[in-house]
Every structure is written in structure tokens, then in C-alpha cells.
Amino acid sequence: MNTPTPYSFASLATGIHAWLRQAISNDTLLQVTEMVITGVCLLVFLVLLCFFLGYMERKVAAFMEIRLGPNRVGPKGSLQIVADTLKLLFKEGLTPNGADKFLFNLAPGIMVVTSMMAVAPIAFAKNFQIWDINIGVLYVSAISSMAVIGILMAGWSSNNKYSLIGAMRSGAQIVSYELSIGLSLITIVILSGSLQLSEIVESQANGWWIFKGHIPVIIAFVIFIIASTAEINRAPFDLTEAEQELTGGFHTEYAGMKFAMFLLSEYINLFIVSAIAATIFLGGWMPFHIGSLPAFNHVMDYIPSFMWFFGKTFFIVFIIMWFRWTFPRLRIDQLLNLEWKYLLPISMVNILIVTAMAIFGWHF
Amino acid sequence: MFLKNYIGDIFSSIKSLLTGMKLTGYYFTHLKEIVTEEYPDNRGTLKMAERFRGEVIMPHNENNEHRCTGCQACELACPNASIKIVTKQETQPDGKKKKRIDTFVYRLDMCTFCNLCVNACPSEAIVMGQKFEHSVYDKKQLKKILNFPNSKLMEGVEE
Ligand code: SF4
Ligand code: SF4
Chain C
0 MNTPTPYSFA
10 SLATGIHAWL
20 RQAISNDTLL
30 QVTEMVITGV
40 CLLVFLVLLC
50 FFLGYMERKV
60 AAFMEIRLGP
70 NRVGPKGSLQ
80 IVADTLKLLF
90 KEGLTPNGAD
100 KFLFNLAPGI
110 MVVTSMMAVA
120 PIAFAKNFQI
130 WDINIGVLYV
140 SAISSMAVIG
150 ILMAGWSSNN
160 KYSLIGAMRS
170 GAQIVSYELS
180 IGLSLITIVI
190 LSGSLQLSEI
200 VESQANGWWI
210 FKGHIPVIIA
220 FVIFIIASTA
230 EINRAPFDLT
240 EAEQELTGGF
250 HTEYAGMKFA
260 MFLLSEYINL
270 FIVSAIAATI
280 FLGGWMPFHI
290 GSLPAFNHVM
300 DYIPSFMWFF
310 GKTFFIVFII
320 MWFRWTFPRL
330 RIDQLLNLEW
340 KYLLPISMVN
350 ILIVTAMAIF
360 GWHF
Chain P
0 MFLKNYIGDI
10 FSSIKSLLTG
20 MKLTGYYFTH
30 LKEIVTEEYP
40 DNRGTLKMAE
50 RFRGEVIMPH
60 NENNEHRCTG
70 CQACELACPN
80 ASIKIVTKQE
90 TQPDGKKKKR
100 IDTFVYRLDM
110 CTFCNLCVNA
120 CPSEAIVMGQ
130 KFEHSVYDKK
140 QLKKILNFPN
150 SKLMEGVEE
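One line per chain: the protein sequences are C and P, in this order.
Numbered per numbering that gives the first Met the number 0, the first sequence spans residues 0 to 363.
Numbered per numbering that gives the first Met the number 0, the second sequence spans residues 0 to 158.
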């Protein structure tokens, strides 16, 4: 089952590796070259992905608000984001006078780097993963909570009260919701018995966890989606930006390309949480399998694994966008109430149930 | 008791959130509900609302007759003096002299489209038109004379 099929990404990667091995004899040099190639590919992929997500967001928003959305630049407005990026490129990257210049310029970089680092262990397709680290789940949750450093840095160094309030709110928010995210991820770690993302995907070969683990896993899934929406500061949890009260929150003072980097990291984060949710709960690149129907499973296997992965990921991206354009923003006390009074107790009880389920084998 | 309220709260809030998502989901899947007007692309098929107020106009019939008696009620009603009525004495066929309008001056640049003049007019001589593309390069062109040249008062309005 693990032999790469001739047209998959895995065989492409293996082919490139073999070719480079012939061309470059020095092992260290080979590794560095491969790292650079991977990095560049990833950057290009993520930027294109962000263009697409930006376009998708605006179209989804428009359709949900009975509007047309961007429709002037390119067919159906598809080049709108490219035009926006060009505009941002030509804008002056202003640094306010009273700002802490070094931190102010460092913050957007930290945001982007932390978001990009979290992409590393994600399995995009069968056997196609940048870094199959054995503590993938832990790594992702650790890295993604580092984004708050970038936000706090931006808020503090801007020397602006709105930025600071926004950054402080974001700190409170990320620290609290981190718990629920961790606990809902742990449910699957308990069930699959591994922190490695590739193994978690393999454990879903006979059915995705959301079906195998039924009610407790569905609860964990819902909690994960809610908490990760809060973690990436998207509406209805976008108190960090809260245009009406904080004129943009931590990125009030940013303009031009530095602002674009915040946007970039926001969309990468959106992609990451969706990809993680898809990997952990919906089986990642694993096709839709029903335990005892080999013929059906075989048909599903014909759909390439990257299609499954991106299909599931974009399904979750769509749900998170749906939230954003439906729900009104929470107040800060409501936000903390939701986490400490509802999500956290529920996830704790849920973990107990899942542990019992794993011990007694109540799942399918 | 507490637990019952707690769980009841969760389910009622989930229900209300799903109600909201159902509505936005409905709009997302029913693109024919979109209300955006793609002006100026749809200039040819543009449908204005019935009560839209674009400008004050004075309708004339096919014999170049209007219904304005020159009573100046509209001029008095206008809060910002956008209307000026110049009257003249006209000798009627039966020899009597009567007051008739000479020019009905309407200043579009000052009008706030409040509709008060139309309401004030006792003889329904003026109405609100639907045209709204009024931009011109010279402000003077916004000072309009609403009665057509050589137009007459319609028979039977002045009784
Ligand atoms: S619509 Fe109002 S402002 Fe305009 S002319 Fe009539 S009364 Fe004056
Ligand atoms: S438009 Fe109507 S209100 Fe104004 S002068 Fe003529 S008849 Fe009188």
C-alpha cells in the first residue's frame, strides 16, 4: 500500500531527490539544496494559496451578504487580490515616530515565520510531507501559539493605545483557547495512540475518526473548530482587530507590505487550522473508507490523495468563513466566559469519556 | 438544576447559531437573491423605484400645455428657495387679463429632493422625475426652466 503510485506527488519528490543525488555528491550540500528547494516551493505555494483564500473569502462574504463581491479585475474578479497586493507593494512602509523601530519591523516577520513553520508537519498527500516529526501534533500546537508573541510585539512597539489593547486582548484570547485546542487534539491522540501526523492519518484507513469515534469525537471536533477560530483571531472572535472599537487593533499602525504580511499570516493560519482539523478528525489525505466494503473503498482510492486533503481542508475553511460572515463579535467577557465556563469543562468531561472509550474499545 | 440550565443554555445557543447559519447558507446557495445593481453596465435595463426622487419636472401634454397656475405655493413651500416663479399678465381670448407663469425657474443645484413642493402644489403641476444622472461641467446648467417655450395652461385647471 505504501509503494508510491507513478503519478503521485510522492514519486515526484523521490524522482527529484534521486536526480539531485546524481548531480550533487556532497551530502550536506545535497540536504541544503533540498531544503532551499522545499522552502521556495512552500513559499510560492503559500502565497498562491493566500491569493486564493483571499479571493474565496471575499466571494463567500459577498454571496452571504447578497452582494456580488469583486467582479472587475480579471474574470469574475479573480485577479482582485493580485491587484491589491500590487497596491500594497507600492505603498509607503511607514514607521510611526514614537514606535520602537526594531520591534515594529520585526513583528510582521515573526508572524509570518511562525505561521509558515507550522506548515512543516502537514501531510499534503500520501507520503508527501515536508517533515514527518514524531510529535507533529505537539509541534503544531506549540508553534501556532507563538503567533501571540508577534501580535504582542506589534501592539507594544506601535506606541498606540488601540494597538496595545488589541494585542493584550489577543494574549488573553490565545492563552485561554489554546487549552481547548490542546484538549480536543488529545482526544484523537488517545484514540490513535500517536502524536505523529502520518500515523494518525494511517489510523483512519478504516474510517475517519469523526465516524469511528462518534459522539465524543464530534464534540471534540466542534470544540476544535470554535477554539481554533478564536486562536487565529477571526470573527466572531476578532476582538484583537475589532475595527469599530480599535480601528484595526495591533495592526493599526502598519501599512504597505508589512500590513500585507499580517494578512498573509492570517490566511496561512486559517489554512493550517483547517488542515490540522482535516488531518486529525477527517482523515487527512485518507480517502473515504467504510470498514467492510472493499469495492467501495477501492473506488474511493481512485480519487488522488491530495484531492481528498484539499477537499477536506477547504470544506473546513468554508465553515470558518461561514462563521465569520454570520455571527456578531463577542465581547471580551463573553469570550472568556465561553472558554472557561463552557468549552474547557466540556472538553475535560469529553476527554474522560474518550479515554474510557479507548480503554474499553467502544469505538468502531 | 444547575446542570439542567447549563446544558439547556448550550443547546439553545447552538440552535440560535444554527438558525443564523441557515440564513447565510441559504443566501450562499441562492445566488439569484443578489441585490447588487451593476450600474453603469445595466443602464439600459435599470429600474428605478417608483417613489425615487431624481429631480422636479413639470409634465406637459401633447399640445404643449402644463397645469401650473402660477400660484406660487411651491415657491413658498420650498425650504431653500430652489424655486422661483416669474409671472406675467396675459390677455385671454375673451379680453380678460389673467396671471400666468412666465418662467418656472428650478435650481437643481440647491434642491434637496424633499418633495415639499410637489406636496404643496394644488393643481398637481409638478412631479418628481426619475432621472438622476445630472452631472454637468458648468453649474449654470443646473438652473432649469421647467415650463417649455410657448407652453400654455391646460384648460380647466384654473377653476
Ligand atoms: S424638492 Fe424640496 S428643495 Fe427641491 S424644489 Fe421642491 S421643495 Fe425645494
Ligand atoms: S407648480 Fe403648482 S404650486 Fe407651483 S406655482 Fe405652479 S401650480 Fe402653483
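Calculated from the structure, these hints are not laboratory results.
By construction, the Cβ of each residue, glycine as well, lies at the ideal position given by its N, Cα and C atoms.
There could be a bad hint or two in this list.
[Stated by the list, open to error] Below 27 Å or equal to it, Euclidean Cα-Cα: the simulated DSS-like pairs (lysine-lysine) are:
id	chain 1	residue 1	chain 2	residue 2
1	P	K3	P	K87
2	C	K340	P	K14
3	P	K83	P	K3
4	P	K3	C	K340
5	P	K138	C	K211
[Said to hold, decoys possible] Stretch by stretch, here's where chain P covers chain C in the computed footprint (C-beta under 8 Å, at least three residues):
id	segment
6	62–74
7	324–338
Item checked: Hint consistency between K3 of chain P and K87 of chain P [alpha-carbon to alpha-carbon, up to 27 Å] -> 85 Å, violated
Next item on the list: Measure nothing beyond the straight line between the CA atoms of K138 of chain P and K211 of chain C; if it is 27 Å or shorter, mark the hint as holding.
Entry: 74 Å, violated
Item checked: 27 Å Cα cutoff - pair K83 of chain P, K3 of chain P -> 73 Å, violated
Next item on the list: Below or equal to 27 Å on CA atoms is what counts here, so check K3 of chain P against K340 of chain C.
Entry: 15 Å, holds
Next item on the list: Test coverage of the segment 62–74 of chain C by chain P using CB-CB distances below 8 Å; three residues minimum.
Entry: holds (count 7)
Check: Are 3 or more residues of the segment 324–338 of chain C near chain P, judged by a Cβ distance of less than 8 Å?
Finding: Check passed, 3 qualifying residues.
Notebook entry, point to check: Does the alpha-carbon distance linking K340 of chain C and K14 of chain P stay inside the 27 Å limit?
Noted result: At roughly 19 Å apart (the allowed maximum being 27 Å), K14 of chain P and K340 of chain C satisfy the hint.
Against the hints set out earlier in the document, violations occur for numbers 1, 3, 5.
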